[in-house]
Amino acid sequence: MLKPSQAMVAASQWYAKLASGEANERDYAAWQSWKDASSKHAQAWQQLEEINQQFQQLPPKVGLTTLQKPAPPRRQALKQLAVMFSVGTASWYTYQEQPWRELLADYKTAVGETREIQLADGTQLYLNTNTTINVLYNNQQRQVELIEGEVLIKTGHQDTAQRNFTVKTQYGLVTALGTHFSVRNFADYTKASLFEGQIKVEPESNLGQNIVLNAGESINFTSTQLSRPEKARLTDAAWSKGILVAYAMPLAQFLAELSRYRPGLLRCDPAVAKLEISGSFPTQDTDAVLETLTNTLPVRIHTIMGYWTTIQAS
Amino acid sequence: MRIASVLQSSSIKQAQNIALDNNVSSIGLSLLHDIYANNYGWLVKLLNKKLSCQHSAADLAQETFLKLLHKNNHIGIIEPRAYLTTIAHGLMVSLIRRRELEKTYLAALANIPVAEQPSAEARLITLETLVQLDAMLDGMPPKVRKAYLLLQLEGLSYAEIANQLGVTSRSVTNYIAKAALHCAIFKQHLSN
Chain Z
7 MLKPSQAMVA
17 ASQWYAKLAS
27 GEANERDYAA
37 WQSWKDASSK
47 HAQAWQQLEE
57 INQQFQQLPP
67 KVGLTTLQKP
77 APPRRQALKQ
87 LAVMFSVGTA
97 SWYTYQEQPW
107 RELLADYKTA
117 VGETREIQLA
127 DGTQLYLNTN
137 TTINVLYNNQ
147 QRQVELIEGE
157 VLIKTGHQDT
167 AQRNFTVKTQ
177 YGLVTALGTH
187 FSVRNFADYT
197 KASLFEGQIK
207 VEPESNLGQN
217 IVLNAGESIN
227 FTSTQLSRPE
237 KARLTDAAWS
247 KGILVAYAMP
257 LAQFLAELSR
267 YRPGLLRCDP
277 AVAKLEISGS
287 FPTQDTDAVL
297 ETLTNTLPVR
307 IHTIMGYWTT
317 IQAS
Chain X
70 MRIASVLQSS
80 SIKQAQNIAL
90 DNNVSSIGLS
100 LLHDIYANNY
110 GWLVKLLNKK
120 LSCQHSAADL
130 AQETFLKLLH
140 KNNHIGIIEP
150 RAYLTTIAHG
160 LMVSLIRRRE
170 LEKTYLAALA
180 NIPVAEQPSA
190 EARLITLETL
200 VQLDAMLDGM
210 PPKVRKAYLL
220 LQLEGLSYAE
230 IANQLGVTSR
240 SVTNYIAKAA
250 LHCAIFKQHL
260 SN
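So the sequence lines, in the order shown, correspond to chains Z and X. Numbering of the first sequence is given in the working numbering, commencing with residue 7 and proceeding in unit increments. Numbering of the second sequence is given in the working numbering, commencing with residue 70 and proceeding in unit increments.
The set of hints was computed from the structure by calculation and includes no laboratory data. It cannot be assumed that every hint is accurate.
Claimed, not checked - With beta-carbon atoms standing in for the labels, derived distance ranges: (1) Z:L125 - X:R150: 51 to 61 Å; (2) X:E229 - Z:T241: 47 to 57 Å; (3) Z:Q49 - X:T154: 16 to 26 Å; (4) X:N180 - Z:K280: 31 to 41 Å; (5) Z:Q60 - X:R239: 26 to 36 Å.
To be verified - Distance condition first, Cα-Cα at most 30 Å in a straight line; then the derived DSS-like pairs of lysine-lysine: (6) X:K119 - Z:K9; (7) X:K256 - Z:K67; (8) X:K215 - Z:K41; (9) X:K119 - Z:K75; (10) X:K215 - Z:K23; (11) X:K172 - Z:K23; (12) Z:K9 - X:K212; (13) X:K247 - Z:K41; (14) Z:K75 - Z:K46; (15) X:K247 - Z:K75; (16) X:K256 - Z:K9; (17) Z:K75 - X:K136; (18) X:K118 - Z:K46; (19) X:K118 - Z:K75; (20) Z:K41 - X:K172; (21) Z:K67 - X:K215; (22) X:K172 - Z:K114; (23) Z:K41 - X:K119; (24) Z:K75 - X:K256; (25) X:K118 - Z:K9; (26) X:K212 - Z:K67; (27) Z:K75 - X:K172.
Cβ atoms here follow ideal geometry from the backbone N, Cα and C, with glycine treated the same way.
With the sequences and hints as input, model every part of the structure.
This is how it looks when you write it as structure tokens:
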């Protein structure tokens, strides 16, 4: 263990004094002159501020319950190991509203996997990474329920019964009027993009309020609201061919997209978050894509524990 | 299988880069190569037995060798297996702790209404912060830890913290100073 410097000890004492909320003007003035007296003092203080910022990143309520319980002694931890691994994956489901929906789903892709499915009426479905859908076909309707992820659809044209083709998400309903479109679930909204034909979009709790999109438009909606239509780009559907396309995309956003195709955590150092990247990248080999980044941008890759990767300034 | 081979090829490249960065001599590098060639399979087997998960075992084995690479003097390693076991053990304990934090965090999320649930991405970022903070708090005396968390996360006053812990406000001031110093030492240690 390192021996703390005098500056660190003093900084900690100042910290305890100022954090009490009972410090007065004179205390602040004294603290300020201590801090200005030496760069070592300023540095030691800066370090404590950074620690504070780290705590502030935690959402309220979650932090205390999680951090309150200290780590068990090492030997005990090892004993629990086998158990942890056998329940590891399952525990991810426990927070979800209706885990059985996923377990009983009709089609599912894993992280990094994409899949093409042809339905009885000739409709083609492409499932993007980490996607779960149910397919409901009967005499009255053709419905795909998107539980998680993203799906691209080219509807078949040989439906003699003239049934509607719809995609249902937790936020609403997208009705195809003969066409080529994609629907993607985000945590708090759904995005529908249209490449050919027309679709009708209806928020879940307001089915009367709807909008008809024309080819080349996309829209975001929640269960109560519709955004203004924006321009849809065909490259947004390139994932169905295993390609991620970026046009001057900020690195942070690029990595967020790329992380959909790889297990584990992919983080972006804020210092390089705004660097822009353009190009077409294979989603099947994300390690190679990251490697490419280090050749084209001033960044390096830092990996811990094999699945915890940070892109940093080099 | 594919994942394993990708990992392996990328980490060999990484290994070469690290070796260059650290000025590992050619003798050191060939020594490392021998250690890798003679012990990689053994280590994966050992970890697999302990973890009963092939992917985690392969990941941890890779991680262990990367740590070894970061050491400056490889020539002093006489018992590579004992050495590797020690590193791997440390990594394994961290992995277990991470899983445990993840479990507690997910349980905490269960109490939050569905509409306010964070996205998968936000969850991972929070988990990572939790892991880092937990490592920093490790080894703090229980009352110091509690006082510090109540201040940082609940924003309680010293009088309120004192009340909860059944100590005086003056003790709380002491605890907070101790906690801050503990964290500062940890950060210093990390950056060295």
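Taking the hints in turn, this is what the structure says about them:
1. Z:L125 - X:R150: 51 to 61 Å: Given range 51 to 61 Å: holds, Cβ gap about 56 Å.
2. X:E229 - Z:T241: 47 to 57 Å: holds, 55 Å
3. Z:Q49 - X:T154: 16 to 26 Å: Violated, since Q49 (chain Z) and T154 (chain X) (Cβ atoms, about 38 Å apart) do not stay within the stated range.
4. X:N180 - Z:K280: 31 to 41 Å: With a Cβ separation near 36 Å, N180 (chain X) and K280 (chain Z) satisfy 31 to 41 Å, so the hint holds.
5. Z:Q60 - X:R239: 26 to 36 Å: holds, 27 Å
6. X:K119 - Z:K9: violated, 36 Å
7. X:K256 - Z:K67: Holds, at about 25 Å.
8. X:K215 - Z:K41: holds, 28 Å
9. X:K119 - Z:K75: holds, 25 Å
10. X:K215 - Z:K23: Holds. K215 (chain X) to K23 (chain Z) sits at ~18 Å (cutoff 30 Å).
11. X:K172 - Z:K23: violated, 36 Å
12. Z:K9 - X:K212: The hint holds at about 23 Å.
13. X:K247 - Z:K41: Answer holds: K247 (chain X) to K41 (chain Z) is near 19 Å, not above 30 Å.
14. Z:K75 - Z:K46: violated, 34 Å
15. X:K247 - Z:K75: holds, 19 Å
16. X:K256 - Z:K9: holds, 12 Å
17. Z:K75 - X:K136: holds, 29 Å
18. X:K118 - Z:K46: At roughly 49 Å apart (the allowed maximum being 30 Å), K46 (chain Z) and K118 (chain X) break the hint.
19. X:K118 - Z:K75: Distance ~29 Å between K118 (chain X) and K75 (chain Z) Cα, so the pair holds.
20. Z:K41 - X:K172: Violated - the C-alpha atoms of K172 (chain X) and K41 (chain Z) are around 41 Å apart, more than 30 Å.
21. Z:K67 - X:K215: holds, 15 Å
22. X:K172 - Z:K114: holds, 24 Å
23. Z:K41 - X:K119: violated, 50 Å
24. Z:K75 - X:K256: holds, 21 Å
25. X:K118 - Z:K9: Violated: K118 (chain X) and K9 (chain Z) sit about 39 Å apart, past 30 Å.
26. X:K212 - Z:K67: Within the cut-off at roughly 20 Å; holds.
27. Z:K75 - X:K172: holds, 12 Å
Checked against the numbered hints above, the structure violates hints 3, 6, 11, 14, 18, 20, 23 and 25; every other hint is satisfied.
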